[in-house]
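A.B. asks: Residue numbers (the numbering used here), protein chains in the order written: chain A, 11 to 318; chain B, 1103 to 1414.
Just the calculated beta-carbon pair ranges, DEER-fashion:
1. S1180/B with V310/A: 52 to 58 Å
2. G49/A with R1185/B: 30 to 36 Å
3. A48/A with D1128/B: 26 to 32 Å
4. R216/A with D1128/B: 31 to 37 Å
5. G1201/B with E292/A: 45 to 51 Å
6. T313/A with S1205/B: 57 to 63 Å
7. A60/A with A1149/B: 25 to 31 Å
8. V232/A with E1249/B: 31 to 37 Å
9. S1148/B with P208/A: 48 to 54 Å
10. V42/A with D1128/B: 28 to 34 Å
I should point out that these hints are in silico values taken from the structure, not numbers from a laboratory. In this text, all values refer to a predicted model and were calculated from it rather than measured experimentally. Where a beta carbon is used, it is the ideal one built from N, C-alpha and C, also for glycine.
Spelled out, the chains give:
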Amino acid sequence: MRSNLTTLFLILVAGTGSASDGVLEINQTCAVETGCFAGDGPGLPVQITATGSYQLTGNLTQTSPNVSVVQIASSRVSLDLNGFAILGTNTFFGTSCSAPGGGAGIVSVVGTHDITVSNGTVRGMGSTGVALSQSWEARVDGVIAEHNCGDGIAVSYVAMVTDSSAHYNGFVGFRLNAASRLSNCSALVNGQHGIVAPEGTVNIDRCVSINNNGAGMLLDTVGVRSGSLVRDSRVESNGGPGINVGNFVNQFDNGSLVLRTSATENGGFGIGLLPVGFVTMEANVGTPLSSNTLGLACYVNETARLCP
Amino acid sequence: MRRTSTWALHLTLLALWVPAETQAADGVLEVNQTCAAGAGCFAGDSAGYPVQIVGGGSYRLTSNLTAPNQNTTLILVSGAGVRIDLNGFTLQGTNVFSGPGGSCSAAGTGSGIGASANDLVVSDGSIVGMGNHGIDMGTGSSGDRVERVTVMDSCGIGIRVPLSSLVSRSIARKNGSHGIVANSGSRVVDSITDVNGGTGIRMSETGDMTVEGCVAVSNGQYGILAGARSLVRGNLAATNVIHGIGALGRSEVIENASNRNLDRGISMLGSLASSDATAMGLNVAMLNGTLNFSGGVLIGCNMQQGLVKTCP
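Chain A with its partners taken away, still in its complex shape (with noise of 0.2 Å):
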């Protein structure tokens, strides 16, 4: 009778990879030798099959730079890292990477929708650290990507990334898509650019996009043309332009705003041709706006202040 009682009790207590709150628990032990939950085989990448709550409880480690870690192949999926890192080998640090490949820290499957990541970091990989352009309505929230060699963070359509970082990336630090909202997110030390939306529609603010190869902004490229909204932050020390929206023939009728945020010391010029105000542009590499057309209210350009 003990034996059959503490038998059952062991049952009950081990459980699998289910914390106490339902949430599916995911680890490097798990993760490499026997699967995390139903649905996922033992090896990397752990496979998230089914809608539901899943959380980190422990650092995760890439075997490879070209196996992903994280594979997310249904919507409605909520990834919590729960404080702990997703961890590669490569590095970057402004050139060149040390060890690239075709894994991402975590990426979605083609179809999928309403995907959240959240509270982490993400370093190292062999490609993107958050990949999930191949889903709309995905958040990314409090997640740190840095040292990947593809993007830092992508996401597709209607995306809301708020609270992150996108450092020391290969490529672009934060990839966006239209409909989307970033907010309070930082980019910096990227490949490319820092921020990027070809199809413009992106509400942006409280960002900061610093020391990138590229634009410290690239938005609304492709012709689009819904505009975007820039405030309240700052791009300096691109290697490209600091914001830049748009064809260079008609960004000024694209409809984006820019406003409260300065632009210095970028290789390109501070701020393509836009409707700015209270935005300061000084020592950039070109000056296009140099009278106060574009100004809907009081801008400095190069120690000039130019009102309407």
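With chain A fixed as given, assemble chain B onto it according to the hints.
C.D. replies: Okay, now just chain B, sitting in the frame of chain A:
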């Protein structure tokens, strides 16, 4: 004696592991599909849906909840001071909305969360496919919050909050009616509405509200429609079927971009507009179907296409 103590030990351990109610160690009451569809999750909740929350406190989902049909409400709140942490899980219904001008596959009377309760907080999860509304907190209570929630494919409104409430960092997409509806004194911030059948963000006509830092795109009516005495600031509205941004009198509409909407970009509306002016400034409105700007008193420059700038 030894046998008795062993029994007692095991029973104690089992009792600790399987409590009578689904209450986590931190005191939060748990809600999951098993208890919800079964015997009830806690005191006050009878068998079957909806899960009935009648007392203040903290509640947490520990699984997805699935509605058996479009007429079933999944969670019904009547007690004040309730916090529901969706915990990354989903309230799942059966409806699919085809988009503005389209139809619902399974219209009904069931909402994801129905409530008429003060100080209700819902956070961190998704609500998809409800026959009626996604979150319906009614209009009569106050002080509610919706944070980091995605609501899609409801046949009715995506998110409706009562007086003096807050909707933040939420997404309302492809709902049959409006995306987000808020009542007087409320704030809707840092949220996205897209391809809803009605207006993206619709504020009560009685006004006194704030819409800030939002994206409203391709909705079937307005992108943002604000009541009187509202602040509409730092929003992006594009390709909506009527106006990008509409506001009633005594409002302030500043720092917005409103482009390529089928009717007007930014428009002052209603009987208050003529006698109680709405202030506008630092907005951009381009390539809209009829007018880029309509009405209002300028407190700063605005710009439309062709470098046409209008200043006070």
